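Construct the complete structure from the given sequences, taking the supplied hints into account.
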Amino acid sequence: MENNFYISQGPHQFTNTSVQKMMKDVIIALAPAIFASIYFFRIRAVILFAVSIVSCMAFEAIFQLFMKRKITILDGSAVVTGMLLAMIMPPSLPIWTCIVGSLVAIGLAKQLFGGLGANIFNPALLGRAFLMAAFPTYMTRWNMPFTLDAVTGATPLGLVKFTQNLNINYQELFIGRVSGSLGETSALALIIGGIYLLIKKTIDWCIPLAYIATVFVISSVTNMIAPDTYAGAVFHVLAGGLLIGAIFMATDPVTSPVTKTGRWVFGIGCGLITMIIRLWGGLPEGVMYSILLMNAVTPLLNRLTRPRRYGT
Amino acid sequence: MPEKYRFLTGYMKTFKGGVSLPEHKDLTVDKKIRPIPPPFEMILPLGQHTGAPNKPLVNPGDSVKVGQCIGKAEAFISAPLHSPVSGTVKAIKDIFNPIYGKKPAIIIENNGKDTPVSFIKREDPESLPKEELIAIIKDAGLVGLGGAAFPTHVKMNIPKGKTIDTLIVNGAECEPYLTCDHRLMVERTGEILKGVYLVASILNAKNIFLAIEENKLSAIFAMEKATVQMKKEFHGKQIQIIVLKTKYPQGGEKQLIKAVLKREVPPGKLPLDVGVVVQNAGTCFAIYEAVYKGKPLIERCVTFTGKCLREPGNFTVKIGTPLKDVVGHCGGFTETPAKIIAGGPIMGIAQYSLDIPIIKGITGIVFISKKDLEIYEELPCIRCGKCVDICPVNLMPTDIGRMVKYSRWHYLDELHPSDCMECGACAYICPSRVPLVQYIKLAKIKESERK
Ligand code: SF4
Ligand code: SF4
Numbered sequence: 001m002e003n004n005f006y007i008s009q010g011p012h013q014f015t016n017t018s019v020q021k022m023m024k025d026v027i028i029a030l031a032p033a034i035f036a037s038i039y040f041f042r043i044r045a046v047i048l049f050a051v052s053i054v055s056c057m058a059f060e061a062i063f064q065l066f067m068k069r070k071i072t073i074l075d076g077s078a079v080v081t082g083m084l085l086a087m088i089m090p091p092s093l094p095i096w097t098c099i100v101g102s103l104v105a106i107g108l109a110k111q112l113f114g115g116l117g118a119n120i121f122n123p124a125l126l127g128r129a130f131l132m133a134a135f136p137t138y139m140t141r142w143n144m145p146f147t148l149d150a151v152t153g154a155t156p157l158g159l160v161k162f163t164q165n166l167n168i169n170y171q172e173l174f175i176g177r178v179s180g181s182l183g184e185t186s187a188l189a190l191i192i193g194g195i196y197l198l199i200k201k202t203i204d205w206c207i208p209l210a211y212i213a214t215v216f217v218i219s220s221v222t223n224m225i226a227p228d229t230y231a232g233a234v235f236h237v238l239a240g241g242l243l244i245g246a247i248f249m250a251t252d253p254v255t256s257p258v259t260k261t262g263r264w265v266f267g268i269g270c271g272l273i274t275m276i277i278r279l280w281g282g283l284p285e286g287v288m289y290s291i292l293l294m295n296a297v298t299p300l301l302n303r304l305t306r307p308r309r310y311g312t
Numbered sequence: 001m002p003e004k005y006r007f008l009t010g011y012m013k014t015f016k017g018g019v020s021l022p023e024h025k026d027l028t029v030d031k032k033i034r035p036i037p038p039p040f041e042m043i044l045p046l047g048q049h050t051g052a053p054n055k056p057l058v059n060p061g062d063s064v065k066v067g068q069c070i071g072k073a074e075a076f077i078s079a080p081l082h083s084p085v086s087g088t089v090k091a092i093k094d095i096f097n098p099i100y101g102k103k104p105a106i107i108i109e110n111n112g113k114d115t116p117v118s119f120i121k122r123e124d125p126e127s128l129p130k131e132e133l134i135a136i137i138k139d140a141g142l143v144g145l146g147g148a149a150f151p152t153h154v155k156m157n158i159p160k161g162k163t164i165d166t167l168i169v170n171g172a173e174c175e176p177y178l179t180c181d182h183r184l185m186v187e188r189t190g191e192i193l194k195g196v197y198l199v200a201s202i203l204n205a206k207n208i209f210l211a212i213e214e215n216k217l218s219a220i221f222a223m224e225k226a227t228v229q230m231k232k233e234f235h236g237k238q239i240q241i242i243v244l245k246t247k248y249p250q251g252g253e254k255q256l257i258k259a260v261l262k263r264e265v266p267p268g269k270l271p272l273d274v275g276v277v278v279q280n281a282g283t284c285f286a287i288y289e290a291v292y293k294g295k296p297l298i299e300r301c302v303t304f305t306g307k308c309l310r311e312p313g314n315f316t317v318k319i320g321t322p323l324k325d326v327v328g329h330c331g332g333f334t335e336t337p338a339k340i341i342a343g344g345p346i347m348g349i350a351q352y353s354l355d356i357p358i359i360k361g362i363t364g365i366v367f368i369s370k371k372d373l374e375i376y377e378e379l380p381c382i383r384c385g386k387c388v389d390i391c392p393v394n395l396m397p398t399d400i401g402r403m404v405k406y407s408r409w410h411y412l413d414e415l416h417p418s419d420c421m422e423c424g425a426c427a428y429i430c431p432s433r434v435p436l437v438q439y440i441k442l443a444k445i446k447e448s449e450r451k
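Here the protein sequences line up with chains A and B, keeping their order. Sequential numbering from 1 applies to the first sequence in our numbering. Sequential numbering from 1 applies to the second sequence in our numbering.
No lab work stands behind these hints: they were computed from the structure. Every value quoted in this text rests on a predicted model; they were computed, and no experiment measured them. Any given hint might turn out to be false.
What the hints assert, rightly or not - Computed spacing ranges between beta-carbons, pair by pair:
#, chain 1, residue 1, chain 2, residue 2, range
1, A, GLN20, B, PHE119, 33 to 39 Å
2, A, GLN20, B, LYS16, 26 to 32 Å
3, A, ARG309, B, ALA75, 40 to 46 Å
4, B, HIS410, A, GLN20, 58 to 64 Å
5, B, ASP26, A, ILE192, 23 to 29 Å
6, A, TYR6, B, GLY331, 39 to 45 Å
7, A, ILE192, B, LYS231, 58 to 64 Å
To be verified - To give an idea of the interface, some chain A residues facing chain B are shown, with a C-beta separation under 10 Å as derived from the structure:
#, residue
8, TYR6
9, THR15
10, LYS68
11, THR72
12, ASP75
13, LEU116
14, ARG177
15, THR214
16, SER256
17, GLY281
18, GLY282
19, PRO284
20, THR298
21, ARG308
Said to hold, decoys possible - Simulated crosslink set (SDA-like; lysine to any residue; CA at most 20 Å straight-line):
#, chain 1, residue 1, chain 2, residue 2
22, A, LYS24, B, LEU379
23, A, LYS260, A, LEU198
24, B, LYS65, B, PRO37
25, A, LYS21, B, PRO380
26, A, LYS24, B, GLU377
Beta carbons: idealized from backbone N, C-alpha and C, even for Gly.
Right, dumping it as structure tokens:
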């Protein structure tokens with residue numbers, strides 16, 4: 001027999017999860033929320049999702065070509081960024097603004113930092129933060145579901161914050177028939193996606209749990225102290241971008257800590273900052289800034305929460 | 001034992017971290033141990049263990065008998081080598097050793113007569129002084145048969161000032177595919193226990209644990225029955241059977257000690273520094289053979305397995321049998337294997353050819369078919385933290401890999417790559433297939449260079 005056996009270093013056997021499979025799982029998990037979004041916001045949602053996904057993939061390819069990297073648009077990560085970016089856009093956003101958002105997300109936040117795995121900030125969130133700073137009017141124009149023209153329909157968080165309107169219809173909020181960013185309104189759809197990811201072990205449960213629990217505790221306490229000013233815990237968990245942030249953004253492996261303790265701290269930090277902004281800041285919503293800020297301290301958290309050396 | 005009865009095993013002990021693997025043990029777990037007769041030509045590498053290699057005691061043309069010492073152990077950490085057959089020494093030349101690279105070996109032509117040197121049988125060896133027992137073990141060329149091949153007598157020689165309170169017999173066999181220890185525990189139960197008693201009396205250990213993973217129920221039951229029948233007590237206590245959770249690397253010494261005793265072996269220290277000696281179950285069987293029957297280590301139990309073999313199984317093989325001669329006894333190949341692994345598929349070593357001999361440290365040979373061959377390209381680390389979560393010795397493999405990749409050597413000091421026992425669990429779990437073990441090996445080399 002010829003000696004042509006394959007030689008490699010161990011291990012010779014691997015898990016069957018891979019980066020592609022993880023991305024595929026995230027895409028599957030996002031599907032319910034995307035369908036809900038298309039149901040509520042109709043053609044606007046279809047257009048924005050398509051534009052965002054295609055432009056993210058295109059920018060990924062262009063930047064990789066330009067920076068002489070391997071073209072990896074099929075690994076699914078650009079698709080996920082495109083989906084997430086569209087999900088946190090207002091339905092009435094002009095198409096070109098969405099393309100600018102993709103450029104910032106893929107170009108600035110991801111490729112200039114070194115591509116997949118090397119970025120510090122969550123690309124979709126950085127894209128949105130840029131648009132918030134550059135085009136605030138477009139980014140705060142909300143429409144009610146099923147309406148195609150942007151009549152101003154303030155988000156539930158906005159209503160609570162600026163008009164102290166505490167008449168909350170929890171059923172609508174849970175289903176998602178409220179105004180808000182494309183993919184953030186339906187708590188139900190997001191929770192289904194989250195459960196799928198947890199079952200598949202694609203995301204670690206520490207961050208969503210720590211994040212949501214922190215928000216829950218703080219909002220319960222403030223609601224107890226001043227029930228007329230602050231909405232209750234269930235409202236704060238279901239409203240705005242909290243669920244999409246806790247399930248899909250804060251759990252982005254690349255930009256969250258690698259240690260278990262680090263992930264707990266990360267989740268709690270996100271919850272704290274979110275609630276500080278929501279309750280006392282100038283904005284109705286704080287999910288985006290909370291996660292971006294915690295992204296920034298992730299390298300520090302990784303150092304500070306290094307596991308104890310075995311046997312010492 | 002079928003999966004559905006596993007709940008019967010009740011409370012299981014384990015360590016923190018690790019991974020659960022597809023076991024693939026069903027291929028051979030029910031296969032009785034069968035002997036493979038030695039072929040015409042035997043290859044005996046001079047140095048089949050951790051430590052100093054052997055000095056040949058024979059010259060080409062000499063005739064040898066079964067059990068005759070043919071390789072001398074000159075250093076303390078070394079073990080002598082014995083001829084497994086009777087016949088003539090044909091040559092001493094360099095061959096590829098499956099674990100230690102190109103090394104000299106004694107080639108013996110088997111005359112098929114099996115003329116033995118006289119083996120000294122011992123009736124009641126437990127009454128012998130412990131120095132004599134250790135000497136018997138040493139002269140028999142015993143090494144750890146779980147894979148590390150560390151000379152057994154060295155482990156039994158407890159340095160002055162250290163006391164051993166616990167002996168753990170390792171029956172975890174956590175690598176996928178391998179079943180030789182499992183079969184030994186089922187078929188040679190009494191012999192293993194006698195070996196364990198010998199080790200326990202040499203060490204004068206107060207507690208004796210026999211730790212077996214929960215996927216080896218038949219071994220657990222066999223051992224429990226035998227310990228009850230033997231009714232032997234040490235310091236007023238019988239051997240305790242510990243059921244371990246099936247998890248990799250449960251059979252690693254540090255993990256075993258943690259699982260059974262909740263003790264952690266500090267960095268750079270040995271189990272005996274925390275009062276423990278760990279012996280593999282297969283080694284205990286060899287100790288029994290060496291002491292009771294006076295038989296040196298000239299054969300061992302090996303699992304030959306993989307989907308390419310027509311009849312995979314567990315076999316008693318003479319040390320030095322070339323692999324190609326084994327394949328015939330396993331019914332030959334159903335298809336040409338794409339990869340041959342000496343040891344288990346996680347820590348095992350891929351082999352270039354079928355000409356390698358079976359040596360003392362080989363627990364099994366896995367033949368991987370073309371379909372099951374796993375070849376991946378390294379992708380960028382996505383910082384998922386899985387490797388950090390599962391590392392049984394609390395390292396951050398992703399960070400070590402990163403620092404090595406970008407040559408930031410000075411950062412390595414705080415990441416302690418030298419604590420890594422190269423179990424490969426991190427590389428197994430990595431979704432980006434980062435070759436973490438290779439990076440860590442490099443980090444270790446750099447670390448020692450910088451010191
Ligand atoms: S770093 Fe070393 S000890 Fe830790 S899992 Fe990887 S190979 Fe095993
Ligand atoms: S498991 Fe792989 S991808 Fe995940 S952090 Fe470790 S090295 Fe990176």
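Verification of the hints:
1. A:GLN20 - B:PHE119: 33 to 39 Å: Violated, at about 59 Å.
2. A:GLN20 - B:LYS16: 26 to 32 Å: 30 Å, holds
3. A:ARG309 - B:ALA75: 40 to 46 Å: Cβ of ARG309 of chain A to Cβ of ALA75 of chain B: about 32 Å, so the range 40 to 46 Å is violated.
4. B:HIS410 - A:GLN20: 58 to 64 Å: 35 Å, violated
5. B:ASP26 - A:ILE192: 23 to 29 Å: 37 Å, violated
6. A:TYR6 - B:GLY331: 39 to 45 Å: Violated - the Cβ-Cβ distance for TYR6 of chain A and GLY331 of chain B, about 23 Å, lies outside 39 to 45 Å.
7. A:ILE192 - B:LYS231: 58 to 64 Å: Check passed, 59 Å falls within 58 to 64 Å.
8. TYR6: At 5 Å from the nearest chain B Cβ, TYR6 of chain A passes the 10 Å test, so the hint holds.
9. THR15: 5 Å, holds
10. LYS68: Nearest chain B Cβ about 15 Å off; hint violated.
11. THR72: 8 Å, holds
12. ASP75: 8 Å, holds
13. LEU116: Status holds, d = 5 Å.
14. ARG177: At about 35 Å, which exceeds the 10 Å cut-off, the nearest Cβ of chain B leaves the hint on ARG177 of chain A violated.
15. THR214: Cβ of THR214 of chain A sits 20 Å from chain B, so the hint is violated.
16. SER256: Where the cut-off is 10 Å and the nearest Cβ of chain B is about 8 Å from SER256 of chain A, the hint holds.
17. GLY281: 29 Å, violated
18. GLY282: 33 Å, violated
19. PRO284: 31 Å, violated
20. THR298: It holds, given that the least Cβ distance between THR298 of chain A and chain B is near 9 Å, below 10 Å.
21. ARG308: 6 Å, holds
22. A:LYS24 - B:LEU379: 16 Å, holds
23. A:LYS260 - A:LEU198: OK: LYS260 of chain A and LEU198 of chain A at ~16 Å, within 20 Å.
24. B:LYS65 - B:PRO37: Judged against 20 Å, a Cα distance of about 16 Å means the pair holds.
25. A:LYS21 - B:PRO380: Measuring from Cα to Cα gives roughly 15 Å; hence the hint holds.
26. A:LYS24 - B:GLU377: This hinted pair holds, its Cα atoms lying about 19 Å apart.
Going through the hint list in order, the structure does not satisfy hints 1, 3, 4, 5, 6, 10, 14, 15, 17, 18 and 19.
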